[in-house]
Structure formats: C-alpha cells, structure tokens
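Visitor: Let the hints inform the model, and build the full structure from the sequences given.
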Amino acid sequence: MKTIPYILIGIRFFLAPIIILLSYSKGAESKFAILTLMYFGLLTDIFDGIIARKVGVSSEKLRRLDSQVDLVFWLSLGFAAYFLNPTLIRDEWQNILLIFTMEALCYIISWIKFGKETCTHAWVSKLWGLSLLLSFTYLIGFQTIGWAFDLTIILGFISHLDVILIILILPKWNYDVPSFCHAWKIRNGIQRKKTTFFN
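When we follow UniProt numbering, the leftmost residue of the sequence shown carries the number 1, and every step to the right adds one.
Worth flagging that the hints you see were computed from the coordinates, not collected in a lab.
Some clues are possibly wrong.
[As the list claims (entries may be wrong)] Within a straight-line C-alpha distance of at most 20 Å, the following computed PhoX-like cross-link-like pairs (lysine-lysine) qualify:
| # | residue 1 | residue 2 |
| --- | --- | --- |
| 1 | K172 | K185 |
| 2 | K61 | K172 |
| 3 | K113 | K54 |
| 4 | K113 | K2 |
| 5 | K2 | K61 |
| 6 | K116 | K54 |
| 7 | K26 | K61 |
| 8 | K61 | K116 |
[Unchecked claim] Here are the simulated distance ranges between beta carbons:
| # | residue 1 | residue 2 | range |
| --- | --- | --- | --- |
| 9 | N188 | T144 | 29 to 39 Å |
| 10 | Y24 | K185 | 28 to 38 Å |
| 11 | F100 | L134 | 15 to 25 Å |
| 12 | G56 | F14 | 32 to 42 Å |
| 13 | G56 | Q143 | 16 to 26 Å |
By construction, the Cβ of each residue, glycine as well, lies at the ideal position given by its N, Cα and C atoms.
Guide: In structure tokens:
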C-alpha cells in the first residue's frame, strides 16, 4: 500500500508524453483519448494524496515529487491544446505568457529564498487546477475558448500571487501551506490545522 501513491504519481508522469504524442501524431481524432487520459490523470492526482495520508507516507519527498509531476502533466495538456488548436492558442498568447511568467516567478523567488522549489499545494491553486480541467475540456474536446479559459487565467493569476505571498511570508521552507493567511500564522507561531482538499 505504501508504494501506491508513488505508482499513481508515476502513472501521471508517463501519461504526459503519451498525451503529447497523441495530439501531435493523430491530431483531432485523438481528442477524446486525450480527454480520457486527462480525467484519469486527475483521479491519480486525487487518490495519491488520499492514500498517502491513509498509509502514513505523506512526506516532503512525496509532496515535492507530486508537485513537479503535476507541472509536467498540465504542460503536456497545454502542448496538446496547441497542437490541436494552434490559432486559438496563438490568439491568447498574452494571457498564456502572463501565467507562465507568474509560474516562473514562483520558482525563482522560492529558489532565491529557500534554495528549493515551491510546494505549497494551496487551496486557490487546487481551484485553478479544476478550472484548467474545464478549460482543457473545452479546448481539446470542443476546440473553443470562452468563459472557462477566462476563468482559468483569472484563477491562475490569483493562485500564483497567493503562492508568491506564501513564499515571501514563510520564515522557512514548508510544504502544504493552504494560503498566505496560513503562512502568516506559521510566521507568527500559531499552529496550523491539518487541512485537506483533494491532496
């Protein structure tokens, strides 16, 4: 049982190149297969954290691995969306660049301050993940951009800003910090409650 969370994370990691390969080589005919892999990947993301806590292996190492594999997984879907809808993606390049810039800032600030990548698994970031799921469903499944994409950009900006504030507020590196408010409590020595939201 203790190896299952690592297996689920590994599955999500290996789904990434499959998603890219399908979208690049098969084009539009692969869209439903990609959506199936996307939702399956989400299930692995939900259950790796749940099982890890149940069997007592939810460690810093596991959480950091989970964060980095999440990044690879969602990037693969971003490439898939581009291969299937290059014009739509190019039309939104400024909004997409904003999110990539915010993501880069999270890593840069964390490495400068703590010497390692961020691993907050914050609440707003999880909401952003759900909006990504919805946005990619529209992009890949229906080749359209609408309110789901706009919501993803808004939540993406807010979630990255929240992570940056968490990094700046924390006195030392920590993982699984739900929000900048929790980071402030940690900074002031107020013990945080254990919280969960999918992971």
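Visitor: K2 and K61 were given as a pair; does the straight-line alpha-carbon distance stay at or below 20 Å?
Guide: Given pair K2, K61 holds - Cα atoms ~14 Å apart, limit 20 Å.
Visitor: Cβ-Cβ distance between N188 and T144: within 29 to 39 Å?
Guide: With Cβ atoms ~46 Å apart, the hint is violated.
Visitor: Take a quick look at whether K116 and K54 sit within 20 Å of each other, Cα to Cα.
Guide: violated, 27 Å
Visitor: With the threshold set at 20 Å, check whether the alpha-carbon distance from K172 to K185 stays at or below it.
Guide: holds, 13 Å
Visitor: Given the proposed pairing of K26 with K61, does the C-alpha separation stay at or below 20 Å?
Guide: Violated. K26 to K61 sits at ~36 Å, over the 20 Å cutoff.
Visitor: Is it true that the CA of K61 sits at most 20 Å from the CA of K172?
Guide: holds, 17 Å
Visitor: Does K54 sit within 20 Å of K113, going by the straight-line distance between their CA atoms?
Guide: Violated: K113 and K54 sit about 32 Å apart, past 20 Å.
Visitor: For the range 32 to 42 Å, tell me whether the beta carbons of G56 and F14 fit it or not.
Guide: violated, 26 Å
Visitor: Does K116 sit within 20 Å of K61, going by the straight-line distance between their CA atoms?
Guide: holds, 12 Å
Visitor: Does the hinted range 15 to 25 Å hold for F100 and L134 at CB?
Guide: The hinted range 15 to 25 Å holds for F100 and L134, with Cβ atoms some 20 Å apart.
Visitor: Range first: 16 to 26 Å. Now tell me if the beta carbons of G56 and Q143 are that far apart.
Guide: Because 45 Å falls outside the window, the suggested range is violated.
Visitor: Does K2 lie within 20 Å of K113 when you go C-alpha to C-alpha?
Guide: Distance of about 32 Å is beyond 20 Å: violated.
Taken one by one, the earlier hints fail for this structure at numbers 3, 4, 6, 7, 9, 10, 12, 13, listed in ascending order.
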